[in-house]
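Student: Sequence:
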Amino acid sequence: MTDCLFCKIIRGELPSRKVYEDEDVVAFWDIAPLAPVHVLTIPKKHIQSAMELGDEDGELLAKLHHGIREVARATGIAESGFRIISNVGFDGQQTVPHLHFHVIGGRELDWNA
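Numbering (the numbering used here), first residue to last: 2 to 114.
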């Protein structure tokens, strides 16, 4: 693992409010939420962005989406609906260079979240 912000959270060096965790995935509340529910779901393996995913990461992606479903259930948005967003690179407004999925819901969303 590297010294990125999310790797520090994974290692327990920085605090987070976890919603879900298994051996490959961790999900925690965003510190600047855009909606009542705004949880980041990340792999414990450091991958910079979706552009860095390889063919060998198919199983990890399935595990990430399992984590997203668990987050939706745990936060009460599984039935009402939610948005999954993964920003990539500077123009995509990726602020932490570690693959992550925003799980956003808890109200009717517009295009600004």
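Since the hints were derived computationally from the structure, they do not count as laboratory data. If you're wondering where the values come from, they're calculated on a predicted model, not measured in any experiment. Worth double-checking, as some hints may not be accurate.
[Claimed, not checked] Within a straight-line C-alpha distance of at most 16 Å, the following computed EDC-like cross-link-like pairs (lysine to aspartate or glutamate) qualify:
id, residue 1, residue 2
1, LYS19, ASP56
2, LYS19, GLU71
3, LYS19, GLU53
4, LYS46, ASP58
5, LYS45, ASP58
6, LYS45, GLU14
7, LYS45, GLU22
8, LYS64, GLU14
9, LYS46, ASP56
10, LYS19, ASP4
11, LYS64, GLU24
12, LYS45, ASP23
13, LYS46, ASP31
14, LYS64, ASP4
15, LYS46, GLU71
16, LYS19, ASP31
17, LYS64, ASP31
18, LYS64, GLU80
19, LYS46, ASP25
20, LYS45, GLU24
21, LYS46, GLU60
22, LYS45, ASP4
Student: Are the hints correct? Go through all of them and say.
Tutor: Each hint tested on the structure:
1. LYS19 / ASP56: Given pair LYS19, ASP56 is violated - Cα atoms ~29 Å apart, limit 16 Å.
2. LYS19 / GLU71: Holds. LYS19 to GLU71 sits at ~12 Å (cutoff 16 Å).
3. LYS19 / GLU53: violated (25 Å)
4. LYS46 / ASP58: It holds: about 10 Å lies between the C-alpha atoms, which stays within 16 Å.
5. LYS45 / ASP58: Within the cut-off at roughly 12 Å; holds.
6. LYS45 / GLU14: OK: LYS45 and GLU14 at ~14 Å, within 16 Å.
7. LYS45 / GLU22: It holds: about 10 Å lies between the C-alpha atoms, which stays within 16 Å.
8. LYS64 / GLU14: Answer violated: LYS64 to GLU14 is near 24 Å, above 16 Å.
9. LYS46 / ASP56: holds (15 Å)
10. LYS19 / ASP4: Violated. LYS19 to ASP4 sits at ~20 Å, over the 16 Å cutoff.
11. LYS64 / GLU24: holds (10 Å)
12. LYS45 / ASP23: Between LYS45 and ASP23 the Cα gap is close to 9 Å, so the pair holds against 16 Å.
13. LYS46 / ASP31: violated (19 Å)
14. LYS64 / ASP4: Violated: LYS64 and ASP4 sit about 23 Å apart, past 16 Å.
15. LYS46 / GLU71: Measuring from Cα to Cα gives roughly 19 Å; hence the hint is violated.
16. LYS19 / ASP31: holds (10 Å)
17. LYS64 / ASP31: Given pair LYS64, ASP31 is violated - Cα atoms ~20 Å apart, limit 16 Å.
18. LYS64 / GLU80: violated (20 Å)
19. LYS46 / ASP25: Since the Cα atoms of LYS46 and ASP25 sit roughly 7 Å apart, the hinted pair holds (cutoff 16 Å).
20. LYS45 / GLU24: holds (8 Å)
21. LYS46 / GLU60: Holds, because 12 Å separates the two Cα atoms, which is no more than 16 Å.
22. LYS45 / ASP4: Holds. LYS45 to ASP4 sits at ~13 Å (cutoff 16 Å).
Comparing the model with each earlier hint shows violations of hints 1, 3, 8, 10, 13, 14, 15, 17 and 18; every other hint is respected.
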